[in-house]
Each structure stands twice: as C-alpha cells, then as structure tokens.
Amino acid sequence: MRGIGKNQFYKIENYRVINIKTKLFKALKDAMIIILIILLITTLLDYMSLNINLNQFGNKIGNLGLVNIYENKNLNGLLSLGFILASLSFIYDMFFKKATTEVEENGREN
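Under UniProt numbering, residues 1 to 110 are what the sequence shown spells out, in order.
Result set (BS3-like, lysine-lysine): computed pairs, CA atoms no more than 25 Å apart in a straight line:
(1) Lys97 x Lys21
(2) Lys97 x Lys26
(3) Lys97 x Lys23
(4) Lys29 x Lys98
(5) Lys98 x Lys21
(6) Lys97 x Lys29
What the hints contain is simulated information worked out from the structure, not anything from laboratory work.
Using the sequences and the hints given, assemble the complete structure.
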C-alpha cells in the first residue's frame, strides 16, 4: 500500500479549494439570475400597469413592506418573494447540492 506524496496531497487540497470557489460562484450566479428575472418581470408588469391582485403571497408579503420600489404593493411583494426564492436557491446550491465530479460524468473511475 502506497502513501500519499506531498505533491498528491497538495493537488487534493487545491481541488477542494477550487471546488468550494466554483460552488460559491455557481450559487451566486444562480441567485443573481433569479433576481434579475424577477426584477425584469416586475418592471414589465409595472410598465404595463397590469392589476395582479390574484397574487395572494405577493399581496401578503407586500403588506409587510420589505421592499418598496414600486407603488403597487403586489409588485413589491412579488419582488420580495423573488429575493426569498433566490436566497433559498443560494443556500441549496451551497450546502445541499452535491458537486459533480469527473468520475460521475464519465461513469468510470480514473
């Protein structure tokens, strides 16, 4: 049984650090995409002056006043809901989602 040399151990440690960095960047990217899409949707709904009173969750969250960008409380609630979904996506991507490795992608071990 062979031991791990210094160079092999260094490569393993570097892989872990890179894996955490890539996980962080991917999680931030996914959260920012969600926020930008929700911001685009709420801006379009505000521009078209559509009445979205059927949005029950947005109405309840809009009454809390967490985000006050638009005059319509339903749109503010929808934007707040988007921030909540983006934060949940970030937490899931960082802590619960398993990173894919080359072994899983190729279907065989090196």
